[in-house]
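Q: So the chains spell out like this:
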Amino acid sequence: EADIYQTPRYLVIGTGKKITLECSQTMGHDKMYWYQQDPGMELHLIHYSYGVNSTEKGDLSSESTVSRIRTEHFPLTLESARPSHTSQYLCASNELAGRTDTQYFGPGTRLTVL
Amino acid sequence: AQSVTQPDIHITVSEGASLELRCNYSYGATPYLFWYVQSPGQGLQLLLKYFSGDTLVQGIKGFEAEFKRSQSSFNLRKPSVHWSDAAEYFCAVGIQGGSEKLVFGKGTKLTVNP
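So the sequence lines, in the order shown, correspond to chains A and B. Just add 23 to wherever you are in the first sequence, counting from 1, and you've got my numbering. Just add 2 to wherever you are in the second sequence, counting from 1, and you've got my numbering.
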């Protein structure tokens, strides 16, 4: 089982606030991901990183930004939260090693913007 | 474009009954296939994966899945369901030769009646 941590687990915040969702992993994985998941829907990739100082946008357009200054840390920031940002955000990291190639997921942050 | 279809949005079974969750994928190359489970308020946990070789794959918690290339399917099965199996199940296909980029289905919610 992988060790991926996300904080906070739940966040209720007002419109216009700046927020940062934290994601950390202790496995030394190079690749990390952020997904957005709405109720009853599939996961959509919004950001990913192949390593320190590497960030890419995913398949779903998002107003959020990410940074990767340290291998273990991949925070996601919303400069000005809006109700349309209400969703669950899942962080994952990838162990690339032949047949153990697997994405491991954190517990998620459920964000509500009022 | 690559896609994953889970035809059943919601399935209800009785405890002790057998279970089959359907997954069909669309992908031009050899697929890497995954089944994840998500309990309420939690992240995704990997149940099993198929990369190559034996088309019947064993996973955790007594689950198995069978890859059928001719049907583009990767159905998940369990011979006897437990109440703790109630959760949402996601099928995913890796589209860059592994789990580097995953495309998810919309999920199947499983309810288990006592």
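Source of the hints: derived by calculation from the structure; they are not laboratory data. Please note: incorrect hints may appear among the correct ones.
What the hints assert, rightly or not - Simulated pairs of lysine-lysine, PhoX-like, Cα-Cα distance not exceeding 25 Å:
#: 1; chain 1: B; residue 1: Lys63; chain 2: B; residue 2: Lys111
#: 2; chain 1: B; residue 1: Lys103; chain 2: A; residue 2: Lys80
#: 3; chain 1: B; residue 1: Lys103; chain 2: A; residue 2: Lys54
#: 4; chain 1: A; residue 1: Lys80; chain 2: A; residue 2: Lys54
#: 5; chain 1: B; residue 1: Lys108; chain 2: A; residue 2: Lys54
Q: Hint by hint, work out which the structure violates, then give me just those numbers in ascending order.
A: The structure conflicts with no hint, since it agrees with every one listed earlier.
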